[in-house]
Every structure is written in structure tokens, then in C-alpha cells.
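Combine the two chains into a complex, taking the hints into account.
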Amino acid sequence: MAVGIRTHDLRKIYTSAPPMAAGGLVARGSAKGSKHPKPQITALDGLSLEIQPGEIFGLLGPNGAGKSTTVGVLTTRVRPTSGQAWIGEYDVWKAQAEVKHLIGVVPQRPNHDFSLTAREILIFHAAYFGMGARQRNERADSLLEKFKLTDRANQMVRGFSGGMMQRLSIARAMMHDPQVLFLDEPSAGLDPQTRILLWDIIRDYNREGKTILLTTHYMEEADALCHRLAIVDHGKIIALDTPQQLKASIPGGYLLRLRFGHRTSELLQRLQSLAGVREVRSNDGTGTDVYADRGGSLIPEIAAVAVSAGAELSDVHISEPSLENLFLHHTGRSLRD
Amino acid sequence: MNWKAFGAMLARDAHVARRNAIQLFFQTFLQPLLFVFIFGRVMVGSGYMPPQYKSLLLPGIIAISMVFTGIWAVAMPLIAEFQWTREIEDRLLAPIDIRWIALEKVLAGMIQAAVAGLVVIPLAWLVLGPGIGLSVHSPLAFIAIITLVSAFSACGGLALGCSMNQQHIGLMFSMLLTPMIFFGCTYYPWSALEKFPVLQKAVLVNPIVYASEGMRGTLVPQFPHLSTVVTLGALLVFDLVLLAVGLRQFDKKAIS
Chain B
35 MAVGIRTHDL
45 RKIYTSAPPM
55 AAGGLVARGS
65 AKGSKHPKPQ
75 ITALDGLSLE
85 IQPGEIFGLL
95 GPNGAGKSTT
105 VGVLTTRVRP
115 TSGQAWIGEY
125 DVWKAQAEVK
135 HLIGVVPQRP
145 NHDFSLTARE
155 ILIFHAAYFG
165 MGARQRNERA
175 DSLLEKFKLT
185 DRANQMVRGF
195 SGGMMQRLSI
205 ARAMMHDPQV
215 LFLDEPSAGL
225 DPQTRILLWD
235 IIRDYNREGK
245 TILLTTHYME
255 EADALCHRLA
265 IVDHGKIIAL
275 DTPQQLKASI
285 PGGYLLRLRF
295 GHRTSELLQR
305 LQSLAGVREV
315 RSNDGTGTDV
325 YADRGGSLIP
335 EIAAVAVSAG
345 AELSDVHISE
355 PSLENLFLHH
365 TGRSLRD
Chain W
55 MNWKAFGAML
65 ARDAHVARRN
75 AIQLFFQTFL
85 QPLLFVFIFG
95 RVMVGSGYMP
105 PQYKSLLLPG
115 IIAISMVFTG
125 IWAVAMPLIA
135 EFQWTREIED
145 RLLAPIDIRW
155 IALEKVLAGM
165 IQAAVAGLVV
175 IPLAWLVLGP
185 GIGLSVHSPL
195 AFIAIITLVS
205 AFSACGGLAL
215 GCSMNQQHIG
225 LMFSMLLTPM
235 IFFGCTYYPW
245 SALEKFPVLQ
255 KAVLVNPIVY
265 ASEGMRGTLV
275 PQFPHLSTVV
285 TLGALLVFDL
295 VLLAVGLRQF
305 DKKAIS
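If you read the protein sequences in the order shown, they are chains B and W. Sequential numbering of the first sequence, starting at 35, is according to this note's numbering. Sequential numbering of the second sequence, starting at 55, is according to this note's numbering.
Not the full set, but computed from the structure, chain B residues with beta-carbon under 8 angstroms of chain W:
(1) Arg113
(2) Phe158
(3) Ala161
Taking lysine to aspartate or glutamate and the EDC-like style, the derived pairs with C-alpha atoms no more than 16 angstroms apart in a straight line are:
(4) B:Lys180 - B:Asp234
(5) B:Lys182 - B:Asp234
(6) B:Lys180 - B:Asp211
(7) B:Lys128 - W:Asp151
(8) W:Lys58 - B:Glu132
(9) B:Lys270 - B:Asp79
Calculated directly from the structure, the hints in this document are not laboratory data. Ideal Cβ positions, reconstructed from N, Cα and C, are used throughout, including at glycine.
Bound-form chain W, shown alone (with noise of 0.2 angstroms):
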């Protein structure tokens, strides 16, 4: 393993976000805040929502932040690099296991994926003002999961990455990832879905729906969630599949 070439990588893409910094800031957090805002702030303060609803809110939106900005770091350049600039073949190209390759973009996806999530949460509790409880219990039941839903970002960033092809990018947000966002219990908890019990059922497929549910046992356990060793379980399944689904894929675009 060849960790100088490794860290070259990482060093590179640490180059290009710093240098990007401003953009990614507005591509990672607008979104969230506009809906913390509207959701949390504007519907609650009006009594629409219940105040408790700030609370619950919060860590869906942590995790969709974290699924979109790891997706978005690692499979967004993927589709560039391989179909139009093909600049990834200078890496390509160094004295290292292409495998290697695919794992430096997943790991630089995981840290952009973490650094949103934990950036997230003191800015929504800036947008959403007091009376949110959150409380971290197990830290190490929390880096888990933060970690295990930075891995499935990162890992599904690169199956779709070196899977879509550059035409069908508006396709994979508006029917693949935005249904798994509004399935995926992020602006509900699981629990909230017992009067639907065949979707009940079927949102389990998706991994969205760990990732929410596994912030909201490690950061709002007084709502009801789904057990965290479920969850943990269940997303570590979903990273391994993604990544190895990814690595052939990469594989497969790399050497023809």
C-alpha cells in the first residue's frame, strides 16, 4: 500500500474544498437552514407545530445533510471526471491499487459528510432559537453512527458515482434520492407510521430511514426511534453492499 500516494490524494481534494470553501458552504448548508427555519422556526412559532417539533426535526435534518453532501462530494466529481474531463486519469495513473483510488474518494467523501453533520447542529440550533433538547448519551453510540452514515454517503456517492451516466444526474435526485429523503423518517420518526403498516414495512428497505432514526436514539432518545444496535446493524450492512458495489463499478470505468 502506497499511504505517500494515498495522502497526496486526500491532500488534493483538501486543496479543492478549501479552495471551493465559499460554494460548498452555500451548497451543503442553505438548504437545511431554509427548511430548519421554515419547519422549525416559522411553523412552530406560529403554532402550527408543536414546540417539541424542533426536537424531533433536528437530527432528520443532520442526516440529510449528511446522506446529500457525502453523495454529492464523491459521486457528482465521479461522473465528471470519468465522463467529461477525464482528469482522474492522471490518478489513475500513480503507482497505486486503483482500489486505493476509489477508497481516497470515499474517505474525503465521509469527512465532508461528517464536518456537515456536525456543522449543522449548532447552526440549526442558531436558526431554531431555544427549547431544543438534545442530549448525547452514548458519545461512542454517536460517532458510530455519524461515521456509519458518513461511510453510506460516501460508499452510495460512489455506486452511483461510477454507475449514472452524466444525462440521468437530474433523474437520480428527483426519483431516486428525494423519495428516499421523504421515506427515509426524516422529518417524522418511524414510529409515526404506524397507521400505514404496509409503508411501515416498506420504508425499511431504505437506508435513509436508519440514519435518521439512528440520530434521533444518540442525540432525542426521548422520542421514540428504532433500537440503535438496529441501526447501527442495519447501515453497516448498507455500507459494505454500497462499497462494494462501488469498487466494481469503479473497476468497471476505469480500465476497459
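With the rest of the complex left out, here is chain B (with noise of 0.2 angstroms):
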């Protein structure tokens, strides 16, 4: 049965520097007088979010927005200022055994345990959960195999290459057979192979029927997997919605490009009164970029417009709207700041 995941108005202030729960959260004090001497640093601010069973929910945000600290306190690692927060019907901080049954967590850096094989951090990890031996060994086999790394499963992670320590991270949360699986920014220092295998992995585990929440502040990774985004900054959550939907929130986001045989001064003011362009530039030649607010669906009209202008249209592009528009139009600033 799928498990969902919820939050409520969860707040997080630091009164020192966030350890390592928290992953690399970004410094950023607010000053509140002489009162406090500790420097004050609030990592989530209110956030409320309801996650349905069964979803791949996508947290995107520059480093330091709260994402980490979200994770962490749906995974009983950091301990909410105030707020509530519920994985299936167990609420986290009441009922943490139960909860940490139900979830998987890949962390945003590897931490395995260096004294142990490839093999064995499978092992003893399912092990912790009460995993039967014949059992445990079976999935541990059938997980190296899946992550390719069958070849390394005997020794030591220590020597281990990046891309493998986070294949071997993925596995051993997935050795208990979570219900819901959280990955902290999963493809971090990736090679884009690794994180396509990575990307392929994550849906197939989605597709048994379990709960997924990423981190991530690669927009490519999050439209790419995610079935619902959420974007996170200042820990607020600023927008939510499906990929498409965010996208489609930015006026005037799509960019079509088009090129035509002839072009006449009569066909940019018919375009420009097509409904949804917001604008119309021509370029040299023949090229023309049109803006609006939606794309596939303007080029009949733009075709038509183009044959009773007697002008003939030769070629098409749309560029989508990019969720690091949406970031910017949100926030006034990138997602890379």
C-alpha cells in the first residue's frame, strides 16, 4: 500500500550552525537585536505540504532554501522548531521507529560504513530492520547486480569512485523495501551517465507503487522525474504544481521560432493579435520569434495566419518554458545564485 507523506506548517530555526542532518545549508542569519547573541538562522519558515502515495514529488530549489532541512525532519533527523509532519498516518516525532520502518533515505553525500564490504553495508543495513538471512543475502545480490556493482561487492567502499558510492547508497535504502524512498539531491556530482542510469532507476521504483521526494536545484532533473514539483526558498514553498503547470504559470514563457519563405509587415500584426502572443520580434531575413503564453497549440493558427498572408511557413521550434524561468520569475533571482 502507498504511503503519502505531509507537513504543516513546519518551521526550523538554528541557533548554531546546521550540523549534519541538515546537509550543506547555506549560512544566512537574521538579525533579531541584541537579545539573541547566538546568530539566529531560519531554515524553514512555515512550510506545509501534502505529497499523494505513490508520486515522484520534486523539491527544487537554489542551495539553502530548506530543502535538506525538510528531508531531514521527515526522516527524524532534525527536530522541528514547530509544526507537524506525517509519513502514511504515523506523525514523525511521535512515532520514530514506526516512521523509520516506512522510509528509505539516500543522503546528499555518501556515508557508508568504511569498516564494512560493498556486501555487507547491504547486509547489516537490512539487517538493522530485522531482515531474515537467506533473505537479506537474496536482495543484497539482487541490488549489486541491479547497480552494477557485483564486480565490487566484496571490498571495502573506501576505495570506492563517487558514482559508486551513490549507486551503493540507493541500494542500501532500497534493502528494506521502503515505502517511501527520499533522495537529497541525488544526482549532485554525477557523470550524466550515472544519472540517467540513476534517473531509470527511481521510476522503476516508483512504478512498484512507492513514494518519492527529491531534492534537487537541477531543473533538467526535476521536470524530468518529477510527477509534482514543489519550489522551495527561504523555507517557504513559493509555487507548486506539475512541471507543466509551473512552466505554463510564466507568462508569455514559450519562445516559438519561426522562419518564413516571405515575410510582410501585415503577417507580424496578424500574429501579434493571435491569442496568448504577448510578443513579436523579426529578425534579419526571414526569422521571427513570437512570445506567448502557449506553444503547440498557436501553430495552426500561425500556419493559417501565414497561408492568408500568402506568406509560407517553413520551419517551427518551440522552446518550452524552463523551470529556471519560473525561479527567476518567482524570485527575482536564479536558481544557480
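Following this line, the structure appears as C-alpha cells:
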């Protein structure tokens, strides 16, 4: 049975530097006067979320936005200053052991047991979850195979590459077959090939009915993987919807690059008057850029206008609105700031 | 309480200890045996120390070995795992109350400390040669002392390991543990401090005093020693205080 995730008005204020469980949070002090000599860092500022069972949900935002702290609160590693969090029917901070049974966590930075081999890491992890010896051996072998680690299974992980450590982290998180999988910046530092493999693995796991929450600051990743996305900044959700809807919410977010065999000023005027078109710019020669708040659905109308104006449409390229643009639109800052 | 998870963590620590057995052996026994050899064999053999010193020294050496082993076994992995490798995170996510993870560390440390104490006895016997007058009059008191000293070292390791910064490890040994050992009545009985009355009172805040005097009381009762009841009671108090501090610090480190 798939399990959902819910948070209500989560707040987290750090009074010292955010420790390991919060990941690489960027310090952002807020001066509160001389009453508070300790620096106060507001990591979460009233964050409420509802993630459906069986959904791939993404938290997108720049470093220090509060993504890792949210994951920390949901995975029993960061105690919220106020607010509540639930995994399925369990309140995370009242039923920690039950919650830990339901979740698997892939940390931002590998945290493997350096005293063990790759296979032992998986076996002991399963043992912590009470899995029987036969079952954990079988599952470890199948996951090592799936993550292409079989030939390194009996080596200590100290010498593993970043990509191998990351694959092992995911295998470990899946060992006890959790209903909810958390991945904190899963593709940070991975080469493009491993990233694609990772995306396939995440999709496969989701197809088994598992809920997935991932954080990322790569918009391509959020776009490619997530059913729904929340854009987080300064510990708050500033937008939440499907990637498509989010992108469509940017006014004039689509860019249609058109090329006509023959272009007239009448054509440009008639393009401008089409519903949804925000701006028409003619380039040198025969090229025309149309900024609009819809994409493909404009093409038949553009083609019809071109025919009636005696201009033949010869080439079309549609750029979809990007999450980068969306973030810029909502915050006035780039995701990479 | 999830005994399966607790047992699996204990099995993990045993597995790692087995893997590092040779390193652990030298780390635990080399220093005490060298000490026993120089003071018990060379100094006694050359006549600088009376022959009885062998028997007086051994309980102190057992106490030092146990204290060092327990603190090292618990504190060092915790410092590394919380601050550097972060490998404890996987265990923190196991379906068990995190206090039990700290208690598992304490139990594993206690076992190592007790083994260290019990193995030092025959090893030292071999190094010292004949003339040691050990006699366990009350096995129950001996077991109680071994248990409480092991618990002291492991709980101390928990409290230190969750409070110290990685860069202060050297300081922990030179500023804290070394003075504790030298003022811990390890190489001399507490009664030998009679000539230094202020020091004799002051060292009573040092738990290692009760560890070595307790060992002396149960292994070589022919020498002057603090009452076994007093040493057991004092060790119990230190154990409980260090455990409470350790658990609190562990919680602070584990959950932000």
C-alpha cells in the first residue's frame, strides 16, 4: 500500500551552524537584536506540503532554501522548532521507529560504513531492519547486480568512486523495501551517464507503487522525473504544481522561433493579434520570434495566418518554458545563485 | 524495544572488531605490557623496586588497560562517525529508539574493556614471571568491579565521543586522560598519598582511583586499599552520571 507524506506549518530555526543532518545549508543569519547573541538561522518558515501516495515529488530550490532541512525533519534527523510532519498515518516525531520502517534515505553525501565491504553494508542494513539471513542475502545480491556493483561487492568501499558510492547508497536505502524513498540531491556530482541510470532506477522503483521525494537544484532533473514539484526558497514554498503547469504559469513563457518563405508587415501584425501571443520580434531575413503563453496549440493558427497572408511557414521551433525561468519569475533570482 | 536491530548493531561491531583483531590487540596490550615489563621485571629484577611491587602494580595496569580500551572503543568511532565519515547515520535510521544505538555502543565498549582487563592478567603474568600474589577471595566482588570499571570506561567514551571535537582528540589524551591515570592510584595505592594529605583528598574526584583501588581490593587484598563497598558505590555513581551525560550529548549530536 502506497504511503503519502504531509507536513503542516513546519518551522526550523537553527541557533548554531546547521549540522550534518541538514546537509550543506548555507548560513543566512537574521539579526534579531541584542536579546539573541546566538545567530539565528531560519531554515524552514512555515512549510506545508501534501505528497500523494505513489507520487514522485520534487523539492526544487537553490542551496540553503530549506530542502535538506525538510528531508531531515521527515526522516527523524532534524527536530522542527514547530509544526508537524506525517509519513502515512504516523506522526514523524511521535512514532519514530514506525516511520523509520517506512522510509529509505539516500543522503546528499555518501555516509557508508568504511569498516565494511559493499555487500556487508547492504546485509547489515537489512539486519537492522530485522530481515532474515536468507532474504537479506538474496536481496543484497539482486541489488548489487541491478546497480552494477557485483564485481566490487566484496571490496571495502573506501576506494569506491563517487558514482559507485552513490549507487550503493541507493541500493542500501532500497534494501528494506521502504514505501517512501527520500533522495537528497541524488545526482549532485554524477556524470551524465550515471544520472540517466539513476533516473531509470527511480522511475522503476516508483512503478512498484513507492512514493519518492527528491530534492534537487537541477531543473532538468525536476522536469524529467517529478510528477509534481514544489519550488522552495527561504524555507517557504513559493509554487507547487506539475512541472508543465508550473512552466505554463510563467506569462509568455513559450518561445516559438518561426521561419517564413516570404514575410510581410501584415503577417507580423496578424501574429501579434493571435490569442496568447505576448510579443512578436522579427529577426534579420526571414526569422520571427513569437513569445506566447502557449506553445504547440498556436501552430495551426500561425500556419493559417501565414497562408492567408501569402507567407509560407517553412520552419518551427518551440522552446518550452523552463523552471529556471520560473524560479527567476518568482524570486527574481537565478536557481544557481 | 527492537532487539533484532540492537543485536544486528552488536554483530556489526563484533564483525569489525574481528576484522581489526591484530590492530586492536597491539593497541590494547602493547603499552600495558611494556609498562609491566619495565617496572615489574626490569626495576624489580635490578633491585630498584621491592619484589612485592609486581603484585601491587598489576591491578593498576588492569584498570588502565580497561579504561583506555573502553574510552577508545566508544569515543574514537563516535568522533569519526559523527564528524567525519557520518557512517552512523545509517544506524540512526534503523527502526529503533536512538538511545538504544548509544547503549549498544556502550555495551560493545564494555565487552571490549572487560576482555582487555581479563586478558591483561595472564599476559602480565607471563611477562612478570613468578612471585605475583593474586587471589580472588570474592568472585562476586571481582565481577562487580570488572563490570563497573568497564561501564565507566564505555560511558566515559560515550560522553567524551559526543562532546569532543575531532581536533581536540590529542588534547583529550594529554590534558584529561594522562593526568587521570597518573593521579588515579594506578602505580601506587591510595594510602601511599598519606604524606600528601591535600592531594590524597583531591584525587578522590578521579574515578580511576576507585577503579584501581577496587581492583586492588579484589585481587591483592594483602595491600592497603579503599573499602570495596566504597569503590563499588563510587563507580556506580560515576557510571550513572557519565551515562546520563553521554545519552544527552548523543541525542544532541544525532538530532539537530
